[in-house]
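Take the sequence shown: its position 52, counted from the start at 1, is 52 in UniProt numbering, and no numbers get skipped.
Just so you know, these hints were derived from the structure itself, not from any lab.
Just to be clear, a hint being listed does not mean it is correct.
[Stated by the list, open to error] Pairs of lysine to aspartate or glutamate, EDC-like flavour, derived with a Cα cap of 16 Å:
hint : residue 1 : residue 2
1    : K44       : E20
2    : K120      : D28
3    : K44       : D116
4    : K120      : E78
5    : K120      : E80
6    : K120      : E82
7    : K44       : D13
8    : K44       : D87
9    : K44       : D94
[Said to hold, decoys possible] Distance ranges between label pairs, derived from CB positions:
hint : residue 1 : residue 2 : range
10   : F189      : D116      : 31 to 37 Å
11   : L127      : T33       : 34 to 40 Å
12   : P179      : P60       : 24 to 30 Å
Beta carbons are placed, not taken as given, at the ideal position from N, Cα and C, and that holds for glycine.
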Amino acid sequence: MTIDFTPMYASHDAFRRDLERLAEAVADGRAHTGPVLAGWENFKHQLHVHHTAEDSDLWPRVRTRVGGRTRDLGMLDEMEAEHARIDPLLAAVDAALADRAFELPDLVRALRATLDDHLKHEEDSALPLMGEVLTDADWAAFTGRLRETQGLRGAAVFVPWLVDGVSAGDRERFLGAFPPPVRVLNRLFWEGSYRRRGLWVVR
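Required output: the full structure, derived from the provided sequences and hints.
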C-alpha cells in the first residue's frame, strides 16, 4: 500500500496560510489584536508539534531505512538544519510582536521565506524518499506519535485548523484521510468550537 501523505501536505498548506494571515495583519496594523495573537500562538504550537515529531521519530526512521546512502543522509541533515534555522526566526517574531518593533514586517517576511523554502524542500525531496523507503508500519508509528502528542484535546483544534479556509474539494480530500470517528467529532463538535475561538478573524 502506498503511504498517503495528504495530511502532511495539508499541514504544510495550513502553515503557509497562517503566515500569510500574519503578514496581512501586520500590513493592516492588526498584528497586536487578540484574534491575530491567538492565531499566531496556535501556529507556533502546531509547527512545534509537527517539527518535534519529525526530528524525534520520522527522520531517525528514514535514516535507518536508507542505510549508508550518503546523498539521502545529507538531505536528512539538511532537514534538521532547516528546522534549527526556523526556531530563531519564530523567537524574533515573538519578540517583535511583544515590543511592537518596527522590524516586525521584515522578520515576518524572513520567516515566511525560510519556512516556505523548507516545506518545498521537504515536499520535493524528503516525501518522495519517505515514499520509497518507509514501510506502512513506519508511517503508522509516526502518525501514532503525532496523535499521542496532540491527544484528543489537541486533535479538536488540529483537525478544524487543517481545513480552515480551504476549498470544498480540498476539505473533503483532507478530512477523508482521517478515520470516520474523527470526521464525525469534527463535524459535530470540533469545528464549531474552533470557529468560536475566532483565530485570525477581523472583528
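Here's how the hints hold up against the structure:
no., hint, in the structure
1, K44 x E20, "holds (14 Å)"
2, K120 x D28, "violated (28 Å)"
3, K44 x D116, "holds (15 Å)"
4, K120 x E78, "holds (13 Å)"
5, K120 x E80, "holds (14 Å)"
6, K120 x E82, "holds (11 Å)"
7, K44 x D13, "holds (15 Å)"
8, K44 x D87, "holds (10 Å)"
9, K44 x D94, "holds (10 Å)"
10, F189 x D116: 31 to 37 Å, "holds (33 Å)"
11, L127 x T33: 34 to 40 Å, "holds (36 Å)"
12, P179 x P60: 24 to 30 Å, "holds (26 Å)"
The structure does not agree with numbered hint 2 stated previously, though it agrees with all others.
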